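The chain contents come next:
Number of protein chains: 6
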Amino acid sequence: MFFHVKELQFEAKPERPDPVFAKKLQELIGGQYGEMTVAMQYMFQGWATRGNEKYRDLLLDIGTEEIGHVEMLATMVARLMDDAPVNQQEEAAKDPVVGAIMGGMNPQHAIVSGLGARPTDSVGNPWMGTYITASGNLLADFRSNLNAESQGRLQAARLYEMTDDKGIKDLLSVLIARDAYHQNQWAAAIAELEEKEGLLVPSTFPREKERTDISYTLYNLSAGEESSTGRWAQGPALDGQGEYKYVSNPKPEGDKPMLKPAPPNLHNTLPMD
Amino acid sequence: MFFHVKELQFEAKPERPDPVFAKKLQELIGGQYGEMTVAMQYMFQGWATRGNEKYRDLLLDIGTEEIGHVEMLATMVARLMDDAPVNQQEEAAKDPVVGAIMGGMNPQHAIVSGLGARPTDSVGNPWMGTYITASGNLLADFRSNLNAESQGRLQAARLYEMTDDKGIKDLLSVLIARDAYHQNQWAAAIAELEEKEGLLVPSTFPREKERTDISYTLYNLSAGEESSTGRWAQGPALDGQGEYKYVSNPKPEGDKPMLKPAPPNLHNTLPMD
Amino acid sequence: MFFHVKELQFEAKPERPDPVFAKKLQELIGGQYGEMTVAMQYMFQGWATRGNEKYRDLLLDIGTEEIGHVEMLATMVARLMDDAPVNQQEEAAKDPVVGAIMGGMNPQHAIVSGLGARPTDSVGNPWMGTYITASGNLLADFRSNLNAESQGRLQAARLYEMTDDKGIKDLLSVLIARDAYHQNQWAAAIAELEEKEGLLVPSTFPREKERTDISYTLYNLSAGEESSTGRWAQGPALDGQGEYKYVSNPKPEGDKPMLKPAPPNLHNTLPMD
Amino acid sequence: MFFHVKELQFEAKPERPDPVFAKKLQELIGGQYGEMTVAMQYMFQGWATRGNEKYRDLLLDIGTEEIGHVEMLATMVARLMDDAPVNQQEEAAKDPVVGAIMGGMNPQHAIVSGLGARPTDSVGNPWMGTYITASGNLLADFRSNLNAESQGRLQAARLYEMTDDKGIKDLLSVLIARDAYHQNQWAAAIAELEEKEGLLVPSTFPREKERTDISYTLYNLSAGEESSTGRWAQGPALDGQGEYKYVSNPKPEGDKPMLKPAPPNLHNTLPMD
Amino acid sequence: MFFHVKELQFEAKPERPDPVFAKKLQELIGGQYGEMTVAMQYMFQGWATRGNEKYRDLLLDIGTEEIGHVEMLATMVARLMDDAPVNQQEEAAKDPVVGAIMGGMNPQHAIVSGLGARPTDSVGNPWMGTYITASGNLLADFRSNLNAESQGRLQAARLYEMTDDKGIKDLLSVLIARDAYHQNQWAAAIAELEEKEGLLVPSTFPREKERTDISYTLYNLSAGEESSTGRWAQGPALDGQGEYKYVSNPKPEGDKPMLKPAPPNLHNTLPMD
Amino acid sequence: MFFHVKELQFEAKPERPDPVFAKKLQELIGGQYGEMTVAMQYMFQGWATRGNEKYRDLLLDIGTEEIGHVEMLATMVARLMDDAPVNQQEEAAKDPVVGAIMGGMNPQHAIVSGLGARPTDSVGNPWMGTYITASGNLLADFRSNLNAESQGRLQAARLYEMTDDKGIKDLLSVLIARDAYHQNQWAAAIAELEEKEGLLVPSTFPREKERTDISYTLYNLSAGEESSTGRWAQGPALDGQGEYKYVSNPKPEGDKPMLKPAPPNLHNTLPMD
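Residue numbers (numbering that gives the first Met the number 0), protein chains in the order written: chain Z, 0 to 272; chain U, 0 to 272; chain F, 0 to 272; chain A, 0 to 272; chain W, 0 to 272; chain D, 0 to 272.
Just chain Z, with the same shape it has in the complex (with noise of 0.2 Å):
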């Protein structure tokens, strides 16, 4: 169960309109790795963790977080676009810079959402459930958020570099040093799990039951040895149970696939061999 207070965690106002910012910005909104994501992935692993009480609960604080962020950048893009001339086709015509400013923002900012934000990239794209990960595994799960937040703290840190609106900027500061702690985070709730299960996962899957002779092979299938020469090409692996193999010319080990016919009743072609 869920409350809301009205207030912003952290002031969100920018300097002067800037439509075309506003367009960028919603990449941290409804992207690939924007806040929605981070805030959907979080809760939907939270609500699915089976015991480990400490690994729930801190689920929920950041996912809980995350929709704030949200709200924090959808209030930013409404108001960047305070006072913009959205729609004003006469002076636009007339001066350049306005009609810039027209042609470089998201027109579904001033068809559909009347100035709001959008649950949208940067390019128009709808968020989509697909941008989540939650597996039931949580060190699994906790790799694909160390991920979120590092491509998360990248793209806000490009954005940072875009603009010198100073309110913008400090709206995304405080998101890059929230996604510096949620790297931070996530990075000690992985070396704690490492620590109990390895570094494989799942790491309940008998190894013996895989393949192990190829477990530890780099297949050198792109001309050029220059791969060769890293950590992963030899000595012991990461995960202490084995040794890294580099295998400069790979062959195959299967056959030439050949295919039944198909039923008549499907209508495939029929082998003319």
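It is possible that some hints are incorrect.
Identical chains blur together in the list; that is why a pair holds if it fits in one copy or across any two.
Mimicking DSS-like on lysine-lysine, the simulated pairs with C-alpha atoms at most 25 Å apart in a straight line are [stated by the list, open to error]:
(1) K195 <-> K12
(2) K12 <-> K244
(3) K5 <-> K165
(4) K244 <-> K259
(5) K195 <-> K168
(6) K5 <-> K208
(7) K53 <-> K208
(8) K168 <-> K53
(9) K5 <-> K250
No wet-lab data here; the hints were simulated from the structure. Please read all numbers here as calculations on a predicted model, not as lab measurements.
Given the coordinates of chain Z, work out where chains U, F, A, W and D should sit on it, guided by the hints.
Then chains U, F, A, W and D, alone, in the frame of chain Z:
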């Protein structure tokens, strides 16, 4: 530039028809973490790598391998439908087992692809470009890769437990082994980069530009303090640059947002307060 | 800014496992009119409300409630899969009932989410940002909300009829009651706004700019005149500004369009007439 | 069965080329509330109407009209690109106005459709079947229809304000008038049904099966009590069957959910508590 | 402008309920090559045809026919669910045949559409605007049309084999016949255009601007030379302008790409070589 | 099984930065008819070919070539953004040319991919599995392939006309030549199959099962008889098995559909007639 040999890298022959399992196996072909995803993800990452030939080569080695995994799975799916009663309606009506088989299979395997694999997941969603990640920041992307291999091995292990067909198990034991290597390998690449760059992505963003007073803080936004007992809530942070803090009763720092009215020519609802 | 308490607003415990019903219940989580939709829709509407604090508050009250509905349903879905034979293939092969259960469930509940709810509908389509509506015009949006609660209650009622599990029925009886309130509540908000603004959205667009000679006309474009007997075909219009008209044999007013050839550098087919 | 006449129902001729406006106008063709949506929505509703020939006829009258609206808009979009410098790169490089025009247009209008309209919205998202609603419950669906005509007229009015081309304004003034009629008409159909069935959808679900103690309650889940002043928070409910209640400090009624561990062969994280 | 008559062009009455077949039949309504696709494809092509009234008329003749095909199929789907036990849970629990029927049907046919057809394919994916093709080049588009009618007839033929219901077979025998005509008809239109323009699309692009030294070459990139025995590997090319060539051991002509580092403010990984 | 060489098959070096053209060029990478589509389409067709090794080999030859085309285009896109002012906001504000460049580029090229190519089309829609066709019927699929190469060459030719950068033109001249060969080559494969099987897909469906009385009929459903003058309206049909007929005033053969009421537990609107 790519070349193909007709032999499969590993064998892909089931013992008997199983169109219901063919439906499930589609998850590993065209699902969010299927082989199409890792093939495309590693290639797009590789093609965009600027300098760092060792990593570029590695990405293209493995991306090229993964196209071959799609090939093996597509072959397996096609063979799982050989000799299956996919559209013999009279028998199905009489024999509940035949009926159940036909009911549980993916209808597009008969109607659309004529017993061939589909570029979709196990419920029929088409593969999408949004499944892949390629940011130009290798540490971020290798974390995405480690996650993908973790989710992928987890799914393959679950599928392994769902069948007793030795031919399917043989192929899955190969994929599980390869996913084990790829976890080991991306973990090694991550370790190499973290040694140089530290934990935080992006490492090049100046810390003083972020709100560092909140860069190590866990906000307790989900009532109950179980999460405060984790390694992420006190002590030195994993990045070696701060101390974790726990705020058990977080307060908003921002104001309640009051938005200006929209210009009249947008025909939004006017303020009535 | 949001807070979470760990207790569910209402209980969500089924009497017994039912993975097939879990699949169906997904419609209320991630379907077009599921709880993710209303949660996101009301919050995006609220965050974009300009003035009109009464409505903003209402939207955030209910939007916040709806996230808790997703939580209850996600919990129910997870519990419906407890103790279900989701991947015990030997028993399934022998026992047709077990086989039927496994055949009718969503394969991603086992392979992908490890018995957790998915951000998808009952056939597996991912939730999409395009499911929500937020236009900045409250009367328009409240009509969208009234529709959403009508479709939602209809779907919940249908699902209520499809089970005799008391635990599921208890949760659905809560959701059906809340959808009843929300219909009552959006209807009241609509009545309030229509009293001020009249029937037509947007109320601020000057009527003289539209083709008012056709603003009250029903064109009979589907042979047969059954539709002419409705209240929309004669008498004073509901907006109090015109008289309904019925045109039983409508004629085109425009010309047959003749398009100019495209410029040669687009390589369209050239006119041959 | 359908017939077509070549003349447009209304004229669709712009005064001058404007490929940037063509991009925006796509919202009314293939957007969430564009004419493809209402055409398909009304026809799918009509084809599924069981009995109630008056409503079936009405739905097919209007659905058929809306295909003609797509036709007029598609013609307008094609003409807005006549004589526009869509790929004359030398001039564009020299003349910033030409460059701006080309920069602001939808690149697929040149590359993909050769100056024809696209089945997409104003940012290029393809039209989707999920935009439409057809539930078999006419009261629910007519509310969806009233919403669609409200959003549609709002968008058309916003576009009307964004141009001073008389030809475009003429077409939009037709569409705005038709959307006015359709609001008036669905409102009348709704009034007719509500008179018979009452306010709540579905009217046939027995009230005693829902949790009627909470069927009239507003939960104050967003701190601040502005919403308590509305008509939906006290007094007799609009459905005439209850009294609105306001709960200013709602408490959870359910328990904190504790999920059972997943079976081992799913390889979820095991409980460590 | 369009008109509708209430009678179906052809009859659409099944002999008995079959909700499982209703699910499959959706492929012909809202699948990639369903009737919604051809209806929309031919109309968008027709509306964008510039000159060439013969082809424009043909496109609109057939596009208009195809909407009527959607109508017949939607009617059939609705009737296939008449009298089916779609949500009688007690009986289903007792009777495995009833259970199987309910398990194999599309749950949205009951929960969402109330026994009406859905704008989706046989696994529930929504119809999408990306299914259609309209390029402004008629020869290209007629090839797309010939393909659509070929895939469509193939799917209808497969479905014909999957039922012994005479009513369904009657409707499918109509659709199969119409798809036969449409193949014959687009093939004739293609022949007409190829006679004027030659084989290559677009015919107006000057051949000397392409790399004509490789315009007739088959590269053997998949080991094994079976493909060299085809008509496409030697002798005069079908376009009458060149000789087919076979290169059995192709070599790259380009360099190994070395990309420049990204500017620092993008925070990509810096080159470490 | 696949191998990769690091050299590009053909060179991919632009003369100068052009991030706006990079955005447009995405159409050829991840658009409906981009190189990802043909690569995946030919490989899925090849992997599902049953017998007919000549065609399987051909499909894999060309599918393998097309992955290399994605590689060249991805390299070109990356290089088109080298040295472009992608996020230098101060200069952009001052210099309208810089501003225009930044405004016209794809914001995700900076924010998301760090100057790398994206798996999307020119407006940012992600590539989708639904773009590909693989039916198991080779004649049907080769028609799809001929269409894909026609649309692809058309788009490449249009892009060729939109730039005067010699490096881009060089790459496009290669792609245009390859698309010319592939049209020539699929046309030859089609001719071979049509010679054996005749014109109609599928050739194996017995003609007597279709409604042959309407297998050669053009219905004039769009007023005006321009279409009656084509080769498809009279004379012997192309398949050599019938005579084209033209019906200038088609009538419905079916009845007006009357659907039964839905069962009460679905809560549809009850018949009021």
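Checked hints:
1. K195 <-> K12: For K195 and K12, neither the intra-copy (45 Å) nor the inter-copy (32 Å) Cα distance is at most 25 Å.
2. K12 <-> K244: Answer is neither; intra-copy 55 Å and inter-copy 27 Å both fail.
3. K5 <-> K165: within (23 Å within a copy, 38 Å between copies)
4. K244 <-> K259: neither (37 Å within a copy, 32 Å between copies)
5. K195 <-> K168: Neither: 41 Å inside a copy, 28 Å across copies.
6. K5 <-> K208: Cα proximity of K5 and K208: none, with 55 Å in one copy and 28 Å across.
7. K53 <-> K208: Neither, since 32 Å and 32 Å both go past 25 Å.
8. K168 <-> K53: neither (34 Å within a copy, 31 Å between copies)
9. K5 <-> K250: Cα proximity of K5 and K250: across copies only (11 Å, versus 63 Å in one copy).
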